[in-house]
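Visitor: First to last, the sequence lines map onto chains A and B. The working numbering puts the first residue of the first sequence at 1, with every later residue one more than the last. The working numbering puts the first residue of the second sequence at 1001, with every later residue one more than the last.
Hints are computed from structural coordinates only; laboratory data are not their basis. Beta carbons are placed, not taken as given, at the ideal position from N, Cα and C, and that holds for glycine.
Each computed DSS-like pair below joins lysine-lysine, with the alpha-carbon atoms no more than 27 Å apart:
| id | chain 1 | residue 1 | chain 2 | residue 2 |
| --- | --- | --- | --- | --- |
| 1 | A | Lys126 | B | Lys1217 |
| 2 | B | Lys1662 | B | Lys1632 |
| 3 | B | Lys1259 | B | Lys1132 |
| 4 | B | Lys1132 | B | Lys1242 |
| 5 | A | Lys93 | B | Lys1192 |
| 6 | B | Lys1511 | B | Lys1600 |
| 7 | A | Lys126 | B | Lys1242 |
| 8 | A | Lys208 | A | Lys93 |
| 9 | B | Lys1123 | A | Lys126 |
| 10 | A | Lys93 | A | Lys2 |
| 11 | B | Lys1059 | A | Lys338 |
| 12 | A | Lys208 | A | Lys317 |
| 13 | B | Lys1192 | A | Lys126 |
| 14 | B | Lys1683 | B | Lys1566 |
| 15 | B | Lys1600 | B | Lys1543 |
| 16 | B | Lys1237 | B | Lys1192 |
| 17 | B | Lys1136 | B | Lys1237 |
| 18 | B | Lys1199 | B | Lys1237 |
Derived, one-sided and incomplete: chain B residues facing chain A with beta-carbon distance under 10 Å:
| id | residue |
| --- | --- |
| 19 | Arg1066 |
| 20 | Glu1108 |
| 21 | Lys1192 |
| 22 | Lys1199 |
| 23 | Ile1243 |
| 24 | Gly1246 |
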Amino acid sequence: MKEMMYYNINDGYPESIVRGYRRSLLTSSQYGTLTQSETLDDIKLQLSATDYGNFLQNEPPPLTTGVIADRLTERLVSEFNYLRRNSVDPLSKFLEYVTYQYFIDNVILLISGTLHERDPADLLHKAHPLGVFESMPALSVASNVQELYNIVLVETPLADYFRGCLTGHDLDEMNIEVIRNTLHKAYLEDFYDFCVNDLGGTTGVVMKELLEFEADRRIINITINSFGTELSKEDRLRLYPRCGKLSRESPAKLSAMNDIDAVKAVCDNYGEYQHLFRDMNRSERTLEDRFFEQEVRLNLLSFHQQFHYGIYYSWLKLKEQEIRNIVWISECIQQQQKERISDFVPTL
Amino acid sequence: MPEMGTLFRSELMCRCQLYLPPEAAYNCVAELGELGLVQFVDVNPEVSSFQRQFVSEIKRCEEMERKLRFIETEVIRENLDVDQDEIEPMAPAPREMVELENSLTTVENNLTEVNTNYVALRKNHLELTEYKNMLKQAEIFLSETRFNFQDSDETTNPEENGVSDVKDEHASMKFNIVAGVIDRARQVAFEKMLWRVSKGNVFIKFSDIEEEMEDPKTGNTLYKSVFMIFFQGEELKTRVQKICEGFHAAVYPCSEHGKERRERMMGVNTRLEDLHTILTQTTDHRHRLLLAASRTLKSSYVKVRKMKAIYHILNQFSLRDSQRVLIGECWMPTADIPAIKSAITTGAQNAGSSVVPTIERVPTTEDHPTFNRVNKYTIGFQALIDSYGINSYREVNPSVYTIATFPFLFAVMFGDAGHGLIMLSFALWMIIAESSLEKKRDISEIFNIFFGGRYIIFLMSLFSIYTGLIYNDIFSKSLNIFGTNWSTNMTFAANESAPLKLGETLMLDPKNPNQYTGVPYPFGVDPAWQAATNKIGFLNTYKMKISLIFGVVHMSFGVILSLWNKVSNRRYHEIFLEFFPQIFFLLFLFGYLVVMIFIKWLMYGANYADPFSEHCAPNLLITFINMMLFKKADVDPKLEGCHTDGMNYEIYMYSGQGGLQKFLVIFAVLMVPIMLFGKPAHKIYKRKQEAARRGTMRDELLGGDAPQEEEEEG
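One chain only, chain B, in its complex shape (with noise of 0.2 Å):
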């Protein structure tokens, strides 16, 4: 019965061979792809990656994979959605692969030409804006300046690459302007060094740029200064020219006489009008042809990457039999051969092939791969218990019981059934809105954590709210269902004469009948115990008693669960030198402390009478200490009420105790040579015994020539 077994064991796995017809081997891949059930074994691991059969088709997916993320990048820059297809498409034909290969380059090819048209023509627009900028900047600067550059000088000064000589009337002094746009980062720098390279023989003046411009390759904003440099001599012009060069700074020609400067201005502002008009077509085209590509680039992407799958898991088959069939080893789960089969034979229909692929088991003694068949319920689960290491093959799966353990165990330390509701509520949103959220998990993280475990919260939520009413503790406060069973009539009087005292308490004792009836409260904690001043003392106690008695439990049934697999693997001896101390430990020593609070909790009561009041109970974490202190407490001579026939209730509660725990406590710490040293005893003394018999073997193998070699060592 494979089917009851799957959830307490991994599943049953063999290891099989796979023939297939090399001209069906793609199409029967990709069938097992999508049924995602099998794990391939390399059966050629010593040919090394580029050297194996697929390796050319590998590479053209890769290639395509390249062009799919440069089309992405453009179309996340131009902010358009990549559409999430709703089905995902199947892996396609290998013949299909060069029409996907021929769309995608032309894709590529058609985007590479616009950008650099695009690149280019927002390079020419940076540069005219920045001449724009420029020469707006020139005319205040050269208004200003105190030389007096004759505006209306209408003799031609030429000028050439950005630099003009000027003719100073007054002193006949001749100066260079240098003008252009420079990265406002640099400008300190660039400053220095002109004024270094000149001897503090320059004058410059920067202006920001306060027009918004961007890098034409990266969109970036770009903040530029306009510069403009007056300087004397022709030795330094060389020099300023080269600095300029050196810092990517953009010299534009600046003429002195404003009228030219005008005239300048308003060819610039012309064609940025003109090219203003081409950028927008360019952009249009563009924004066209990036739409058309996002609309089918998911479903590229999982095309190309599931043909490149299939071919890396072909490039581990090895092609034999003079090429006539491709064998492959995988393991699969035994209960679903017959899926497989059925599988793969749809594969080779679908690829038109005649002959029949088959699949043969091949018995092995490897190590099985572990498969836990999981459901979108039980998945969170076994994410839990994998966390903490994946057991091996056909080891009892805890992950059954932690459905079950762990929010409980969760709800005991988290009781409080309002928070329990708020928990609910969230856990529902996520089950409820499954299958939209699904799609949306890989956005955030952390999200993706609680979606993962939607079903651990739902269930931790639920517990929760049950510890809760247990507790009685709904957003930390009580609720009065059943009517409390405490009669408690307290009531504070203060007035100005006397007020209130911070010594005024409200005790519930158990023992008196004005306040309690003697029934307990039909379910959970008495909500009279919210307001008690002994609440704290009633309800720790209880709740850590509760805590060692779970957890005691807990991990002596963890334990237990580990003789299944030692009975299952024929580990006998682990039985013996692992399983018995260990629960043995367990058990005599916190087994038995266990044992005490219940017998603490049956002999003991506020209303049972001397030696069983409740002044005698001992405490049961004195008790212990002394236990593991081999030592008596001191009897407490005011308790006489506790000490009757020759017994110290309040010390021990039964006769022959101490004599118990001191062996118990012997026995235990006994236990702890066994679980250090015993498994690796066993281990040297079954080498030793492999060893002596490999010996015999080999004496009686070789009788003959051992005395020859004894000879030549002699």
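The shape of chain A in the complex, shown without the other chains (with noise of 0.2 Å):
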């Protein structure tokens, strides 16, 4: 009661802003034309009949897959900025908290980049936009943990998240995905417990829902990628966010998962993950696109809520669904792949 009569107050420009952007999602007949493409050029003439207008217009030919992808994101980025710029607290905080996960993907991408002795320049243009912060170009200067906090990190939102992972020394491949892992986890929890604690309402109900399922999804992406790993149980129960439905099962249960059956037989138990490993073997569909299905349909139910704020975490998440999409049917196209341009997840 309280949440509809003072939401628009501060957030109804903004919500009426998400909504209309939701509603300019390719549609399924738009992705039908699109598959039909033979080549980008067509799917530049194809996506001018969409909301992307002109946005390849001013783009001197040859068009390649890579130029459709900057754009797109670039189109990506200056909407949300639009939303944070039209927001006030705590909507603001929440959009901040949003783009969060791109900082920590942004600080993993360049330290591993430094480590394999990139190009700088060029992983700077790698970096997501939405998680560029000032001091991120120095991170190369860092060689172990404590100066990448102490030189880099200390500055940025990330810095209470990175306490965790201080006791390992050296940069090295193992370790970097600790790190991205222990980061995620961080965050996820502060996350959850700002939207469920903090904010409350229908905000806490709705985003309960879609970071358990994330918090779930890093659960069984680690178990299953630690496999034939030196990572240890205990380390491992170390890296599950706490906030999954799963992390509720017993510890001795989750360090018990040793093979994908046992991971397998965990799940089961959740009506909602019992479909991720059926048919594993017979279908084509990969863990990772059936997770990205679950999240297109839990991101799409909660648009059916008003008076929150995870339509701007679902519409972000549907959005890059969308990018990918357009981007794996140029990519499709560009390769003469076209037998495989129908395994996108439609995102309505």
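Put the two chains together into one complex, using the hints given.
Guide: Rendered as structure tokens:
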């Protein structure tokens, strides 16, 4: 009741905008015509009939997938920034939280890039624009975790999340992976706490569902990726975000997940995760795709409720999926792999 | 007589098929486009847009448009005027496309080449300027540092990559210097980062560069600072370099020897001068290129867009009869078929085709498009009406009446001859300067609105002057043109002992023969009312009453106009279910009020004897409210003069009024359910009838099979 009365005072305008953005997501018929394209120019022509409009019109030929992907991301970023500029606290705080995941990914991207001695300019170009921070370019200076924290991250919002990984010393491949997962874990738990406890209300209800899914996806992925690595069971347990549905299982049960069948056995207790492993061998859909499908379903659901912030998160996720789809279709066309062109995850 | 009907109803339209020879199709469509009288229909909507016939041509047009946009941005950046051509070029012939493409490509290539050079030169220039400033600042920094760098020290100390090692002679300490230029906005973050990396063991000096610098690519002004970092140790050196790299700071070699620095400074200055000459030449060259491009820019734009539009339309055609004919469908006004025919014939002739294109009417039951033929005078009014919704095909077009009613009703509200005069001069200016303003109309959206409605404003101002004279309002003052018919020699005498009292008023009393001659002022309101205390009481009731009369007449007129639509569409049931209830409701309540106004005006008067004196005139507002509430007002015993022959003239103006009013209200209220449910009920009834008819028809047709079905079901 209180939400209904006061929501529109501050958040009415951004909500109307984000719902408009959601309406402009590509429909299945638009995907249908996209998949019929023969060249990238056809894609450009098709997209000009959608809400993307003439966003590729000033690109000199030849068009490449990279250019399309860059323009799509630019578009997403400008829309997101528009929402941010038109928001006030607590929505602005919420939207800031949403960007942290890109922060984390950028930090990891730069550290591992430096480890493999990639060109820093190239790395910066690859970084997601929503997660760019001022001292980011200096990440390459750090040679161990302590330095990373003390020099670069201490000023960023990630500092709190980083405390959990100060124990590691060297920046090798394994440690970076551990750092990534620790950061995401800390981030997810913090965001979960912010949504469910600080904001509460409908936002809490909706975001709880979405973040629990996100946490469970991490748990399952960490587990599966840990098979055959040196990661000990205890370390693995430590990486699991504590806000997922799966994390409510007993530690014994979780650490007993030694192969894919054990994971499957645990997931079978949850209706929404059962289908993830069904017909794994026969179907061509990868686990990743199945997760994406589930994510799209959940995000679409959050638009059915009103007076909450989950729609911003959901729109961003759906839009990202849409970008992945368009890029996938473009790649298939560019690489003459038309038989796989329909293997994307439709967003509607 | 189609000419007569065109204003009252939208134009008669017909659907036609065009049979064009493929070689002449382009020219034919170009001619039709110049004519602007045809609405094309897509004959192959199922074909997706990139599988159509002329997709490659459209893509080429788009590519040309992109080049034109590129040239335009460059031209605008150079602050050149894009020439406004007087004559719009015709659509170019298809073979000219290659020529146009080539010329655009040449211009684009030349421009990009010049731009790359230009940017490279400017970048070079920027770097040198930065270096110059850095050297200048270094001079100041190093001379004021406490460490005594010996300027005269001739021992060679090779510096590489901007880092030089300095031996302090007193403490045999090695100092590294890294100097360069950084964006002023990043200065603080840069300093903080350095401080954290070195744990506080660096000494940094900043100094703003005052000189104006431009971004070589965008031309924006840049604000930068010179920095100089002093620190110790080799390990720090690599880190500092990395940070500089990360912050996009430009690092320049800086020697600690004054002599070397001065030598460098001189070198930089000469190079800067050389660069300056080359830059001027490049700028001139660029300017000439753009000037040439800007001359044809506008006409090229029009050409390319016309071409694209033609191919877009041709994509809606279909190639049939083993590619010998292009067939397209379109709507056109029946009256214009000869003009359209001659246009496509010219098109075919221009293309040198021997086959004559033909138009064939196709009968259709589809909804026809509405087309109202307008000229520059009626277009404003038509746009006004269209903003409320465009009427269906051949419906009555109210914009004809709007030409008179809209300005008039405006003027009833805006009745001031003086203000009307101002408006008139504005409207006249727009009408007289029409042709020159037409070109500038895109500049301001607000002005465009005024300009589009210039004839509306013109008429509104004329009507305002008229009503202003009736109200006798000129800049809220009155004119005494004919001489007032009131003689009011009221003087306010006041002196020290008897000051002017607030209560002293000038009441105009028409009953008083000393005040009023009894002859009304010849035109409009007598100016004497302007000064009267009872001005409001007189003018407001008068204006309110005429507004009511105009309003009711206007609304009834609108309802009556709808009768034409119903009759011409043969929807007679709507006359009984919509038209009559509406008009009865309106007339029985508000029409009756208007009638009462006239009765009151005629029956009562200031000079009439009781019971028709002004004291007895009933208040119509109260009468109307009581009518709706079925209430009779109480008789006022004080107004005895109004009570004669068993009539109370201060309540009812004629006998039987109470009964009539009850009847009117009941009848009007009875109309409401008809308006609400009449049409839906009729629709349901019709549908049921239809279903029953279909049912019996099926039974008759399938008579033999019906029993079998029943058996199966059983």
